[in-house]
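K.L.:
Protein chains in written order, with the working numbering: chain A, 1 to 90; chain B, 1001 to 1384.
Note that these hints are calculated values from the structure, not bench results. Glycine residues also receive a C-beta, built at the ideal position from the N, C-alpha and C atoms. A hint or two may mislead.
As the list claims (entries may be wrong) - BS3-like mimics (lysine-lysine), calculated; alpha carbons at most 30 angstroms apart, straight line: (1) B:Lys1055 x A:Lys74; (2) B:Lys1186 x A:Lys71; (3) B:Lys1137 x B:Lys1186; (4) A:Lys71 x B:Lys1055.
Stated by the list, open to error - Label pairs and their in silico Cβ distance ranges: (5) B:His1105 x A:Ser56: 57 to 63 angstroms; (6) B:Glu1109 x A:Leu39: 15 to 21 angstroms; (7) B:Tyr1012 x A:Pro36: 54 to 60 angstroms; (8) A:Asp26 x B:His1036: 16 to 22 angstroms; (9) B:Glu1219 x A:Ser29: 39 to 45 angstroms; (10) A:Thr81 x B:His1036: 16 to 22 angstroms; (11) A:Leu39 x B:Lys1222: 42 to 48 angstroms.
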Amino acid sequence: MDNSEFHYFIIFDTYEEAMAMHDDLDKSSITNKISPAPLDLVSGVCCGVSLMIMPSDKEVIDKYLQKTNLKYMKFVKAERTFKPKRDRYC
Amino acid sequence: MIYLDNGATTLYKPDSVIDAVVNAMKTQGNASRGAHGATLNASRAVYDARVKIAKFFNFDKPSNVIFTCNSTEALNIAINGVIKVGDRVVSTDTEHNSVLRPLYHLQKERNIDLQFVKADTKGLLNISDFEALVDDKTKVVVVNHISNLTGNVNDIKSISEIAHRKNAILIVDGSQSAGTRKVDVKELGIDIYCFTGHKGLYGPQGTGGLLVADGIEIEPLKRGGSGVKTYEEEQPSEYPTRLEAGTLNSHGIAGLSAAIDFLNETGIDNIEKKELELTKYFYNEITKIDGIKVYGDFAWVGEDTPLGHAAIVSLNIKDYDSGEVSDALSNDYGIATRPGAHCAPRLHMALGTKHQGAIRFSFSYFTTYEELDTAIIALKEIAS
Chain A
1 MDNSEFHYFI IFDTYEEAMA MHDDLDKSSI TNKISPAPLD LVSGVCCGVS
51 LMIMPSDKEV IDKYLQKTNL KYMKFVKAER TFKPKRDRYC
Chain B
1001 MIYLDNGATT LYKPDSVIDA VVNAMKTQGN ASRGAHGATL NASRAVYDAR
1051 VKIAKFFNFD KPSNVIFTCN STEALNIAIN GVIKVGDRVV STDTEHNSVL
1101 RPLYHLQKER NIDLQFVKAD TKGLLNISDF EALVDDKTKV VVVNHISNLT
1151 GNVNDIKSIS EIAHRKNAIL IVDGSQSAGT RKVDVKELGI DIYCFTGHKG
1201 LYGPQGTGGL LVADGIEIEP LKRGGSGVKT YEEEQPSEYP TRLEAGTLNS
1251 HGIAGLSAAI DFLNETGIDN IEKKELELTK YFYNEITKID GIKVYGDFAW
1301 VGEDTPLGHA AIVSLNIKDY DSGEVSDALS NDYGIATRPG AHCAPRLHMA
1351 LGTKHQGAIR FSFSYFTTYE ELDTAIIALK EIAS
């Protein structure tokens, strides 16, 4: 993934829905990563994983979500709360 | 050992199943618990297994493939989850205790109106009896696909049509049919199909599940952790999470997934054909022996058999106790069979074998004719 200050996440009710969309996005060569769900944005009421999407792919995903028959809960933007490895060499 | 107790569990599993379990135990974390590599290995294995199992049974919704420890757990979930206080329920004399005991329990606890279709002396059910018993008040019909005692196959499609004409839900115990024949749940019109992984599917013990048709609502039997919607006080309503509280047996499910691959590669029609031929051969040979009585319907031998028959032959020798005969087969000939009552009390009563029990021979795809010949010789010697 990239180093953006934020990412987008597709949130689901169940792991099965997440896995199904992950496979479908992979088939369409749309970059996505199974990631822990951003709990704060959904008040903990979702399944534990989400699909993380790069900001540069937002429009692609918007179009994909309009067309797909696969189930998902919501598509949200989440700012990073910290940058992994940011200060490693300080 | 000559293992002829495959109706209880298949002993010989494909190596690929064993390898898959070992690999899973070395690589899998807890399915649906986070997003690191180990948990995703488990989640992936479970998800892939749902998809494969759905396709195997021609079922449309992988998310409605619910994993359990065995068919008894699946049946308990289904029976307890759909039957309400005062409901009328129709079942049959041919059921296993995994159906009967939950139903008897609900008779006491929920005051259900429990009716049984009677079995005849061959263990057969008459479809017209379903017509008579399944009425407008009937909410649920519970029936096995294949009897674990006689190997008789029930006409699920006709029973489904009768149940659905009265808007009743059809729960099918597929313990003896899953993996031993093609089971198309859509074609057969099954609402809830319960299966176990360790018999005809050649998977590990501790695996099984149920397929829940769209629109069928099942109250959870268990509630607890699921890795989903932690802050909700109620069990999540979505399948499969609704019915899968607690850590799944993802190691076993990985083995079950490999078992489905084996069945697909071997061909379910080839498996059914071979098992039917083994059964015919054994039946034809043992019925030449004086003093042997076979239970179940074998009128199909030598004729077309639209419903087929499972690879099960239950018998008695004269008035010998079935336990003694089975013990002699084991100790003197190294042949494993199952004597006694087979958890099928109503059917034994219908067959008139409550006190003697019966010796069940049950075969698998891996059974050989040489093994059957040894068993036939053993029976001849015991009967002589």
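K.L.:
In this structure, is the beta-carbon distance linking His1105 (chain B) and Ser56 (chain A) contained in 57 to 63 angstroms?
P.N.:
58 angstroms, holds
K.L.:
Quick check on a hinted range of 16 to 22 angstroms for Asp26 (chain A) and His1036 (chain B), using CB atoms only.
P.N.:
Taking Cβ atoms as reference, Asp26 (chain A) and His1036 (chain B) lie about 19 angstroms apart, which means the hint holds.
K.L.:
Honestly, do Glu1109 (chain B) and Leu39 (chain A) meet the 15 to 21 angstroms range at C-beta?
P.N.:
39 angstroms, violated
K.L.:
Does the structure keep Lys71 (chain A) and Lys1055 (chain B) at a Cα separation of 30 angstroms or less?
P.N.:
19 angstroms, holds
K.L.:
Lying within 39 to 45 angstroms: is that true of the beta-carbon distance Glu1219 (chain B) to Ser29 (chain A)?
P.N.:
42 angstroms, holds
K.L.:
Can you let me know if the beta-carbon spacing of Thr81 (chain A) and His1036 (chain B) is within 16 to 22 angstroms?
P.N.:
18 angstroms, holds
K.L.:
Are the Cα positions of Lys1055 (chain B) and Lys74 (chain A) separated by 30 angstroms at most?
P.N.:
The hint holds at about 28 angstroms.
K.L.:
Quick check: does the Cβ-Cβ distance between Leu39 (chain A) and Lys1222 (chain B) fall within 42 to 48 angstroms?
P.N.:
With Cβ atoms ~24 angstroms apart, the hint is violated.
K.L.:
Taking the CB of Tyr1012 (chain B) and the CB of Pro36 (chain A), does the distance hold inside 54 to 60 angstroms?
P.N.:
This hint is violated: roughly 42 angstroms between Cβ atoms.
K.L.:
Can you confirm whether the C-alpha distance between Lys1186 (chain B) and Lys71 (chain A) stays at or below 30 angstroms?
P.N.:
23 angstroms, holds
K.L.:
Holds or violated: Lys1137 (chain B) with Lys1186 (chain B), Cα cutoff 30 angstroms?
P.N.:
24 angstroms, holds
The structure fails hints 6, 7, 11 (numbered hints given earlier, in ascending order).
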